[in-house]
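Asks: For the protein sequence lines, the chains are A and B, in the order given. Under this note's numbering, think of the first position of the first sequence as 303, with each following residue one higher. Under this note's numbering, think of the first position of the second sequence as 10, with each following residue one higher.
Some clues are possibly wrong.
What the hints assert, rightly or not - Distance condition first, Cα-Cα at most 30 angstroms in a straight line; then the derived DSBU-like pairs of lysine-lysine:
no.	chain 1	residue 1	chain 2	residue 2
1	A	Lys313	B	Lys59
2	A	Lys507	B	Lys59
3	A	Lys339	A	Lys507
Said to hold, decoys possible - Computed far set for chain A versus chain B, every beta-carbon distance over 12 angstroms:
no.	residue
4	Leu324
5	His356
6	Gly380
7	Asp447
8	Asn453
9	Met494
10	Thr511
11	Met603
12	Asp656
13	Thr722
14	Thr739
15	Tyr826
16	Leu827
17	Phe838
18	His860
If you are wondering where the hints come from, they were derived from the structure by calculation, not from laboratory data. Glycine included, every Cβ here is placed at the ideal spot set by N, Cα and C.
Listed here are the chains, written in short residue letters.
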Amino acid sequence: MIRLAKFDMLKIGLLSSRNLDLLPRYMEPVLSEYGLKAEFYVSPFAQYRQDILHNSSPLKVFSPNCILLFLDGADLFGDLVRRPLDFDVDMRQKRVEEELNELRSLVERIQDCMPAADTFLNSIIVPPLNAAGMLEYNSPYSLRDAFSHYNEGLRGIAQSRRRCYIVDYERLVSWHGYREWYDDRTWYIGRMGLSRSAMQELARKYVVTFRATLDAGKKCLVVDLDDTLWGGVVGSEGTGGIQLGTESIGLAYREFQEEILNLHKQGVILAINSKNNWDDAVEVIDQHPSMVLRREHFAVMKINWNDKVTNMREIAQELNLGLDSLVFIDNSPFEREWLKDQLPQVEVVALPQDPAMFRRCLLNLDSFAKLVLTEEDRERGQLYRQHAMVENLRRAASDLESFYAGLQMKAAISRTNPRTITRIAQLTQKTNQFNLTTRRYTEGSIEKMVRSRAYRVYSLSLTDRFGDNGLVGVAIIAEETEAWRIDTFLLSCRVMGRTVETAFLAFLASCAREHGMRYLVGEYLPTKKNMPVSNFYPSHGFKRTDDRESLWQLDLSHMELHAPPYIELFVNDQEKLSFDQSTIG
Amino acid sequence: MINRQLAEVAASVFKVLITDLTPQTSVGSMEVWDSLGHLQLILEIETAFKVRFETEQIPKLTSLEKIQLELEKRGCLTVASKAVDKQLNRLP
């Protein structure tokens with residue numbers, strides 16, 4: 303993934319089998335829409351092979367961080383397209399293998415010489431008007447088999463490599479319509495061949511794809527209820543009177559909900575922002591047989607008579623998201639305008655008038671587009687629901703102690719095993735706030751430390767009454783003569799503010815003492831993001847050491863660490879279960 | 010006088026001010042109006058005026074004057090757009 307700050311510079315190398323010199327001009331306005339800036343290098347017409355293969359070619363001198371290699375099917379397979387009756391199935395197969403092999407070597411060369419660049423290839427589309435005509439499928443002659451075979455080959459190229467992505471050009475052209483997409487006049491005049499609207503759409507698609515690699519998409523979809531998730535106003539028509547079902551317009555609403563659920567399964571958080579009586583709306587959500595979306599899918603439900611702007615702010619706050627991560631869908635143009643005006647950072651979808659068009663509208667949104675689906679994405683809905691429930695508990699609790707106790711936390715601490723190495727490495731790379739030393743480790747490094755006698759790698763997993771939070775804490779100990787030095791101590795922000803860190807630290811202290819250590823030494827290296835934990839060690843009774851500013855130590859012969867009584871602790875395998883909370887005074 | 014809408018399209022394509030343009034502005038008279046710029050201008054004009062030029066015509070529409078003539082011939086410069094012209098010409 304290209305890691306760029308929002309306004310950093312993209313250096314885009316554009317190479318093509320045809321003349322796409324105008325494309326940057328259509329990309330620029332879209333780039334600035336997304337707050338991106340780019341510098342372009344455009345390879346001369348059909349010079350892409352030379353630009354990629356030759357040493358110190360202009361492309362390499364330009365040093366792009368982003369390479370668009372646009373190869374049109376009609377250019378790659380021009381012979382086949384123009385004379386389909388001259389190619390039998392074996393010859394077609396051979397041609398496809400040739401093209402795929404060449405493409406593979408080009409991509410390999412790119413990744414060898416320009417390893418920092420993300421490469422974007424494209425699928426190809428069969429020209430619908432071609433000399434094979436009706437013979438396609440009905441005779442041994444075909445264009446489609448070759449084109450499909452090539453596209454499938456692309457799948458393998460992208461998925462066997464990092465930083466190589468396929469832009470589904472075939473799908474894009476299909477949607478817009480081939481006949482409007484290609485403009486033969488500009489092919490004959492200037493070897494372009496794409497129409498103006500085609501270049502605009504292709505430009506947009508490329509920019510949206512970059513945005514997906516930056517992982518800068520929107521995170522939460524906020525929906526209205528009446529005339530959005532169902533037809534009619536439940537407050538006046540009652541649960542039985544709304545349109546939601548398997549017939550007619552009710553089916554349109556149901557299918558719209560299905561698409562929203564699909565988004566949710568990709569990791570999009572859902573929230574409701576509706577002017578309604580709570581009971582009326584919730585009756586539909588909980589009970590209506592044709593509802594696809596249920597209470598469990600929504601992380602926040604603002605169903606009240608407050609104004610939607612206030613609700614929106616609260617939604618963002620409760621989910622700990624910026625307003626610019628939200629997308630709002632509401633059938634009322636009035637509500638939409640008001641919200642756009644008051645909260646310009648929120649993306650407001652121009653939902654069409656006709657509910658039959660809702661599904662298409664949602665599917666056409668670029669806001670949530672993803673190139674990679676992680677485990678975390680798939681679990682996110684669940685995690686946010688849990689988080690929301692935790693927050694509710696926190697607000698409802700009379701004091702902190704009862705909040706903590708109410709969470710019914712169970713923490714499992716263990717030495718690392720091969721299955722958890724990936725997650726541990728990931729946490730060292732991603733965790734910024736509750737991270738005392740912010741040392742980033744690869745899987746390889748973690749594995750080395752696990753195998754080494756000089757280190758101990760501990761992980762902490764937490765479940766609470768709302769569910770399993772997974773592996774959320776990491777502590778890496780470097781064994782020294784009299785002391786255990788805490789090289790790394792971090793906690794996922796998911797479980798901050800619950801004193802889990804105290805339980806973890808208390809365990810480490812007890813363990814160190816068990817192993818005959820005199821001191822437990824903690825290190826704090828300040829960064830812009832970990833200010834919240836600057837006081838972590840002193841607040842647990844650690845004292846400054848004499849030698850280095852960043853080190854704190856706990857004298858284990860004099861000090862005990864109090865583990866929180868409301869966290870049930872389970873310590874796994876190699877450690878003796880000598881760590882007993884009740885003996886800590 | 011260049012039709013206002015035509016001038017706006019050309020100014021936007023070439024990233025110049027409307028006042029930098031004259032009816033005689035043509036291919037080569039500005040660095041940005043090269044063969045690439047020409048194609049871009051034609052495509053933008055087609056979109057703005059809802060017209061379509063033939064392949065052989067495109068390389069011949071080499072100046073704003075010639076383009077305007079062609080648009081007039083096709084009736085694209087509507088009464089409305091001419092009225093806007095008139096109105097704008099009265100402004101200081």
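Asks: None of the hints should be skipped; say for each whether it holds.
Replies: For each hint, the structure was consulted:
1. A:Lys313 <-> B:Lys59: violated (35 angstroms)
2. A:Lys507 <-> B:Lys59: holds (25 angstroms)
3. A:Lys339 <-> A:Lys507: holds (16 angstroms)
4. Leu324: About 6 angstroms separates A:Leu324 from the closest Cβ of chain B, which leaves it inside 12 angstroms; violated.
5. His356: A:His356 clear of chain B: closest Cβ-Cβ about 25 angstroms, beyond 12 angstroms.
6. Gly380: holds (20 angstroms)
7. Asp447: holds (33 angstroms)
8. Asn453: A:Asn453 is indeed farther than 12 angstroms from all Cβ atoms of chain B, at 29 angstroms.
9. Met494: violated (7 angstroms)
10. Thr511: holds (23 angstroms)
11. Met603: Fine: 45 angstroms to the nearest Cβ keeps A:Met603 off the interface.
12. Asp656: holds (26 angstroms)
13. Thr722: holds (56 angstroms)
14. Thr739: holds (51 angstroms)
15. Tyr826: Non-interface label stands for A:Tyr826: nearest chain B Cβ at 53 angstroms, farther than 12 angstroms.
16. Leu827: holds (49 angstroms)
17. Phe838: holds (55 angstroms)
18. His860: Holds, because the least Cβ-Cβ distance between A:His860 and chain B comes to about 74 angstroms, which exceeds 12 angstroms.
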